[in-house]
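**Q** So you can see what is in the structure, the chains are spelled out below.
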Amino acid sequence: MRNIPLPDAEILLNQLLDQIQADSDNNYTALVGIHTGGAWLAERLHQALSATRSLEPLGLLSVSFYRDDFDRVGLHAQVRPSEIPFNVNGAHILLVDDVLQTGRTIRAAINELFDYGRPASIALATLIDRGGRELPICAQYIGAGLRLPAESILVFDRDVQGRFNLRLENKKGVVNGAEDMPA
Amino acid sequence: MINRNPQLNKHRKLQHLLTTEELPAAILLQILNTAETFVGVTERDVKKVPLLRGKSIFNLFFEPSTRTRTTFEIAAKRLSADVFNLNIAVSAQSKGETLLDTVNNLAAMDADMFVVRHAQSGAAHLIAKHARPGIHVINAGDGRHAHPTQALLDMFTIRRFKHEFHNLRVAIIGDILHSRVARSQIHALTTLGVPEVRVIAPKTLLPNNVERLGVRVFHDMNSGLENIDVLMMLRLQKERMQGAYLPSSEEYFKNYGLTPEKLSMARPDAIVMHPGPMNRGVEIDSAVADGGQSVILPQVTFGIAIRMAVMSILAGQQV
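Quick mapping for you: the protein sequence lines, in order, are chains A and B. Just so you know, our numbering puts 47 at position 47 of the first sequence, and the rest follows in order with no gaps. Just so you know, our numbering puts 42 at position 42 of the second sequence, and the rest follows in order with no gaps.
Hints are computed from structural coordinates only; laboratory data are not their basis. The structure presented is a predicted model; accordingly, all values stated were derived computationally and were not measured. Hints may be right or wrong, so weigh each one.
[Said to hold, decoys possible] Far from chain B, by Cβ distances over 10 angstroms, these chain A residues were calculated: (1) Ser24; (2) Ser64; (3) Arg130; (4) Gly132; (5) Leu148; (6) Val155.
[To be verified] Facing chain A, a subset of chain B residues (Cβ under 8 angstroms, in silico): (7) Gln30; (8) Thr34; (9) Thr37; (10) Asp45; (11) Val46; (12) Pro50; (13) Leu51; (14) Arg198; (15) Ser312; (16) Gln317.
Note that CB positions come from ideal geometry on N, CA and C, so glycine has one too.
Isolated chain A, as found in the complex (with noise of 0.2 angstroms):
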């Protein structure tokens, strides 16, 4: 598991943003990142994307409060508000995630996001679709494909310059990325 190479986040996130800004058919108006990773990304797709179109200010959701995994796990011991400040009702969103896995983030996102509103539409932005779906949901832009033994933890995370990175973990700690060390 020491070997695996992972991709710089910095290259995936201008792959992801080309992606979104080739496709022609899109037709979004607002951006809505995950807690923690997801709401650090749409917070450059949005500054970058801001420049040629006009998006409502970003929504951030924390999904706590709808995870499927509340009776095994508990709640969060830092849970972050959600933060939607436009109206969802008819809107157009683009939904923006770290690593899409079992989608069952994905499902708590969405859950959460009609319990503001009907939105007219949501797609899904993620930098890493690592597979391994447990429910039938797929992204729309994905920055790469990646294969990993099922039992890493592909952690996305930010240095202290806000440059973003990746590294896999298990449960011991850190075996490949940024901080490589003996497993």
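Keeping the supplied structure of chain A fixed, place chain B upon it in accordance with the hints.
**A** Structure of chain B alone, referenced to chain A:
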């Protein structure tokens, strides 16, 4: 293990909420921070999250209280729990059933959480001690002992308006002797680092050795309110007028009722709080209750978010 705090499980996580006494600041802050996120939920189209779907919460009110019971009921419903209100004062207890028999019967109906209001101090502790593992107990007021969710919503309100605790002077004013609210407030304020907590009351309405709780005692409003940032008024119960505690409500109002004149002794940006229901013209003047420094109605709104936070933290805790 003998003196283990009955509110915490073996991982030092909150299992029951019985009192603010001996709760670490980290847990108080976790509740306040979680409540912040629920304030946002109540501003949406759908004021409800699916977190406690399928959970059964029983409101066990052995002592009548429409207002507190309603806020717990609203909080539970906004978390999608099923809520059952039992007004036990008029049912099983009057047939001679013991408290624990009542609770065991309800536990057998697959309850996940009990919200308990009882006239006897310690009732919620007793239920928590005997409840089967996996059941959570919230104390909604027991005798003169504690009313932790009221104190927590007060802390939330203070933080919302004053942002910090470490630079505040807070005064609790009124019937400290009979008040479970005051006790819970004092413990929460001192744990959260408020450097100066004062109590202002006539000698007959103060418990013995109240200074041991870490408060300064004043018997006079004018000196007690000097430099105060937060005024926490207490409800003066009517029955106290009939005993030896006080001569009359007029006399009490003259000395301790919060009027604009007395309020002007505090800092100009001081906030005024009251747990409700208010006795206008007894402990508080209408001009203050409805005035610009009053945060009494926000307290009610925040009370729902605090109860949602406590319920969801407890329900997510593993045995």
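**Q** Give a verdict on every hint.
**A** Okay, the hints, checked on the actual structure:
1. Ser24: Given a closest Cβ separation of 32 angstroms, the condition holds.
2. Ser64: violated, 7 angstroms
3. Arg130: Non-interface label on A:Arg130 holds, nearest chain B Cβ at 27 angstroms vs cutoff 10 angstroms.
4. Gly132: holds, 24 angstroms
5. Leu148: For A:Leu148, whose nearest Cβ neighbour in chain B is about 29 angstroms away, the distance exceeds 10 angstroms, so it holds.
6. Val155: holds, 23 angstroms
7. Gln30: holds, 6 angstroms
8. Thr34: This interface hint holds because 5 angstroms falls under the 8 angstroms limit.
9. Thr37: At about 4 angstroms, which falls below the 8 angstroms cut-off, the nearest Cβ of chain A leaves the hint on B:Thr37 intact, so it holds.
10. Asp45: holds, 5 angstroms
11. Val46: holds, 4 angstroms
12. Pro50: Holds - the Cβ of B:Pro50 comes within 8 angstroms of chain A, reaching about 6 angstroms at its closest.
13. Leu51: holds, 5 angstroms
14. Arg198: Cβ of B:Arg198 sits 34 angstroms from chain A, so the hint is violated.
15. Ser312: Hint holds; B:Ser312 Cβ to chain A Cβ min 5 angstroms, cut 8 angstroms.
16. Gln317: OK, holds: B:Gln317 within 8 angstroms of chain A, min 6 angstroms.
Checked against the numbered hints given earlier, this structure breaks hints 2, 14; the rest are met.
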